[in-house]
Amino acid sequence: MLRRTIPMLILASAGLLLIVAKFSPFTVSWQETVLGWFNILAAVAFVLGAGNLLAVNLEQISSRRPGWAYAAITLFAFAVTLVVGMFKVGAVPNGMHPDIHLAGAHDVPQAPFGWIYDYMLVPLTSTMFAMLAFYVASAAFRAFRAKNIEAILLLGTAFIILLSQTAAGMFLTGWIPEDSVFSFLRLDVMKRGITEHVQTAGMRAITIGIALGVAATSLRLIFGIDKSYLSKT
Amino acid sequence: MNDTNRDGSSRGGPNDAGAQPAKRPNTLLWVALAVFGIVGLSLNAFMRPEGMAKRFAVVTTVERVLVEETVPAAVEESPAAVAADPKSTQDPDPRRKWVAPEDAGLAAGTLRRVDGVEPIRWETRESVKASEAELLRSEIKPGGPVRIESSPIDSLGIWVAALLTLFILSFVYRDNPFYKVAESILIGVSAAYWMVVGFWSTIVPQLLGALAPGFVREYAMPSLPASATPGLDAALAFVPLLLGFMLLWRLAPKGGWISVWPIAFVIGTTAGIRLVGAIEADLMRQLVAAMKPLVVFEEGVAASGEAIRMFDFWGSVGSVVGVVGDLSVLTYFFFSVEHKGAVGKTARVGIWFLMISFGSAFGLTVMGRITLLLQRFEFLFTDWLNI
Amino acid sequence: MTTKNTEQTPDGMRGFFVRLGRLDRRWIFLAMGLSIAVPILLKLRFPEVPGPMARATFDSIESLPDGSRVLLSFDFDPASKAELQPMANALVHHCASKGHKIVFMALWPLGKQMADQAIKEVLLEYHGDKYEYGTDYVQLGFKAGNEGVIKVLTTNVAEAYPTDASGAAASGLPLIADVRDLGSFDLVSTVSAGYPGAKEWVQYGRESMKPEARLTSGSTGVQASQLFPYYPAQLNGLLVAVKGAAEYETLVTEKYPVDRNSERLEQGRIRMGPQLVAHLLMIALIVLGNIAMIASRGTQGGAR
Amino acid sequence: MLRIRRVPAMLAALLALVATAPLAALPPDPVDVSAVDRPGDGGAAVFVRWRVPAPDETARAIVERSRTVAEATREGAAETPWILVAEVDPLLGQGDGYLVTGIPNSKGDRHASDEIVFRVAFIGTDGERTPAVEAAPVVARANAFLLDKIPLAIVCVVVSASVLAWILLSRAGWSVKIRRIAALEAIDEAVGRATEMGRSVLFVPGIQDMNDIQTVAGVTILGRVAKTAAEYDAKLEVPTARSIVMTAARETVQSAHFAAGRPETYDESSIRYITDEQFGYVAYVAGRMVREKPAACFYMGAFYAESLVLAENGNAIGAIQVAGTAEASQLPFFVAACDYTLIGEEFYAASAYLSGERDQLGSIKGQDLGKLFAAGAIIVGAILATLASLSPSGPMAGASTAFRAFFGG
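Chains as they are written, first to last, in the numbering used here: chain X, 320 to 552; chain H, 27 to 413; chain V, 19 to 322; chain R, 17 to 425.
These aren't lab readings, by the way, just hints derived from the structure by calculation.
Note that beta-carbon positions come from the ideal geometry of N, C-alpha and C, so glycine has one too.
Any given hint could be a false lead.
What the hints assert, rightly or not - Straight-line distance between alpha carbons at most 25 Å, and here's what the computed BS3-like set of lysine-lysine pairs gives:
no., chain 1, residue 1, chain 2, residue 2
1, X, Lys466, H, Lys123
2, V, Lys228, R, Lys165
3, H, Lys206, R, Lys309
To be verified - Partial list, derived from the structure: chain X residues whose beta carbon lies under 7 Å from chain H:
no., residue
4, Pro326
5, Gly370
6, Leu373
7, His416
8, Met439
9, Gln484
10, His516
Let the sequences and hints guide you as you build the complete structure.
The following block contains the structure:
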């Protein structure tokens, strides 16, 4: 009862409440309140995440399993950033309330927390993101092979778009006059035609499908038809 | 539908191949790399007049003094009583505030220094590149609160950022200790970073701010706005707090099942909000956008000057393609019927539309990805190596 | 470096392409790395021809009467700064040159830093004398809650942002004191890298804006494909990736040139040079990949 | 007698003559000025109505309103008690009236404004302004139900009804046959292969939190995959980027092990939180892939730019990769780099498809019914739009705009 029916009741009532709330100005704000609650819940749940991070890494260090040194680095980096951030170590005092330490700004570059953000977090995250340039190239070489019509359309369109996006596109087909009957052969015209008519149609149909998928999934959850999240213990 | 992606290349990826041969050539490679790196860097450092990774800082000294308004004699509460103990009032006395020593109010006499309270002085530093520092140096008058000085802490930062960038990029060659170090640092720093951001931008203002506004205003966030209904806000704040503890109860050895309640609450609200949101924004809006006229006319001006409507060939072709695309891709998503016969052919057309859409989307994003790597190289070449 | 291959490989031209088909992907990575690093050092640059979407974004701002109130939302973080900061800088310069009153906000926690940078690098650099904090521009900073923030903005701005980024009460700032909801803005422009971003602004923000008000967006190439259905009906202007930034930059700096450190408003065009080389490499890779497949198809009697 | 009775009429005519002659330019004042709260709205909107006695003489109409309590306290309010709302075409006042929006709420009540007085004045053809006529005070109140959301309510009911109807039909025995979805058939094959090769299975539930329906769908698919993994006794690894997702994933995997009858093989530590940061999480997963070399990788949930990093690294280690997301911008990368991809709606149908339960399969048929309605709406809309385009002034034009307006066009 406590493990199955009540959670299902909570889910159904929360879901129906927010569906109805959308239709009256008095209750529209409930959506904001609930989203605010979720943010608080997610922030409180950080403790859970950190707890798990610590547990796993400590266990790896204590059992001296291979790679424990890296777990130590993770814990050290975590501890330093957390302490420096939570207690606003070295924070710049607040202009209007310099006497209140915790009102200061700790995410400025001169404070240690800001330093870690500028010189460690930003380079690491943007370099990981930049790796995509390599993977886009290897995917183009490996996956864009004309094995059947679908693959030909995939790589052909990518080919046109790539050409049209640079000076090469203008160089190859820029000479065809805009208003001539052959203007559709211009790469930028082709690109606009593809992106504004074909791609929008494809994306539009996917979006419509997704909307129906979201609706069906939500209904399955709210009416307790899909109960996989419930523990069967 | 996508068996097409199984290309003929052998399953074993290069990383397998790299592992088989004896360790020797690999260590040789790393040694060569290290030697080349050190020699190159030191050459670069000595040859460049202003050196590598040089950063400067614009340092401004800031001072604040505690003042209070010079209360006119008429007020019955004598100012002397208040001045005796500056921390006496529960929330900071509105008439008392911290201002810069050269504040206009002090000069005009409407504000009076509170004696016995030391002024607070601190420095704000702003890191700038060497080129910007030269520019600013000319504009700053010597002796004033602002000065420019070289900033070793920021130069160290550039070195750390550059090394971490190279450590991550090394993953492109193969998984190696340098990448593992960078990965471990990234996981530790980012987990703590988001916890701190979550704490200071959500828990303090919204949770603690609702439960104990006075305390938060006193010790952490003086400008926390007063809520119109403090009692209700405090009560409402208990709900996420309670749900949070139920979630954390999973860490406890027994009774972890209670965490299903907050999860059910989150899934329920998500389902409710997304159901209506998806139908309103994705379904209805896209249906309207899909209702295109198959025959399109253009407003034009005829020779005789009055406006007439001309048949727009390419516009009509675009609309027809759009509508056909929508319907055929929807057919592809049809679950109840196998893709055979008429439905099969329409679904096939739908897949073609999808493939063109994906090819186009792939092409469009290549530029963005290349920009990202470009920026990392720019950082390495200009900020670090100062080429 | 090349993988051991067990199948027998024909020699001569076809053999070359068959081996090419099984090329170790790290050679491709090396080729991509060089095709970007080398052009930067040689500083290659090419002319830009503004397309319809960049022009529509430009007109959306240009057609507003001077001094209108605009809301700029910085919904990206340093990871996509390379693509989006050039657009943000050009956008701020354009609005400031038209004397628009600018309200800065961010739906991404790191977006606030991006906005601060645009304020420092462009707004105060070129328009510092005419722009005073509180009356001409305001920095509201980051607010957690993703699209929830936009929904709150549609009903009550003061509730979403009781204070500005530095903690000063919003009612004290004349520029936003009488702002009630999104209806009080003549233009809302988001520079967006994903979620929350342009899609959420269209979904939740568009309805409660004035009908004649403009909603434009700058976006990464990835997200652009999702925004095309909204252009031009719901999104009046759309800048796509660095090319959109370069085109919009060209339009803005032609109309409102700047006299000093102009490279802050040329980041888009500077970055388009290496793009050409990298794009040509990608095209070559697709072609070579297919030649290799055709060559290997001959030897194994049909593709597996 | 006759003359006396006629005198007032003559006087009136004389006066009118006199009135118009030197002041010929001043149009007659607005008549029947009234202000009414707009029904069925969220408040802050009022219809201001008036009649124009002499349309040809009146060029413009000026609408002003009194200050609210809050506005009255602002300094400089005393001199300008009336705020200019709009200067519009006088004929707009007829019929429903001119809609005024953006009226600020009163301090005390978030759902109603203070009492506000509207007044209307006309401007003659030569710029002369008539004295303003005031309407009765009005309060812009939020009403119980938003009328403009009725079409949305109808479409929601239609979509929900089609899903629920099919669930009931499936219980009543109707056939719920669903076409083969290649990507979902591949799950058993992928997990089987991992077990054969003695290598692990990696499941990535996306990088968003449980407040994104894609993550919820991803976790439900995890339940099915975990059940298969438990049956094959394959090692399943689930790194998560959110702590709530970790909790939900542990719940689901634990109950999957129970359903497979192997509760003892459930290992909680195989489901762990890494970091909230998108690329910190991807750095871990990419490194983990290259070291552990899982034989099967599943990417089910909300993904952004990191999709290609995961897919290319997975391909480099030779794993079977099955992806599923409703993030349209990432589908091109998954389609290009993975072996199987669930595209948008297929992703949402996956967990129901895998459950095999009649109710869940019924709901997929319900989605199809919804698609039929959508396709029908597009066809009708396109035909109406075409007819409207052919004869813009004909009856069809009105029908087309009305049909589009229903869907919020």
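Here is what the structure says about each hint:
| no. | hint | result |
| --- | --- | --- |
| 1 | X:Lys466 / H:Lys123 | violated, 75 Å |
| 2 | V:Lys228 / R:Lys165 | holds, 18 Å |
| 3 | H:Lys206 / R:Lys309 | holds, 16 Å |
| 4 | Pro326 | holds, 4 Å |
| 5 | Gly370 | holds, 6 Å |
| 6 | Leu373 | violated, 10 Å |
| 7 | His416 | holds, 4 Å |
| 8 | Met439 | holds, 5 Å |
| 9 | Gln484 | holds, 6 Å |
| 10 | His516 | holds, 4 Å |
Checked against the numbered hints listed earlier, the structure breaks hints 1 and 6; every other hint is satisfied.
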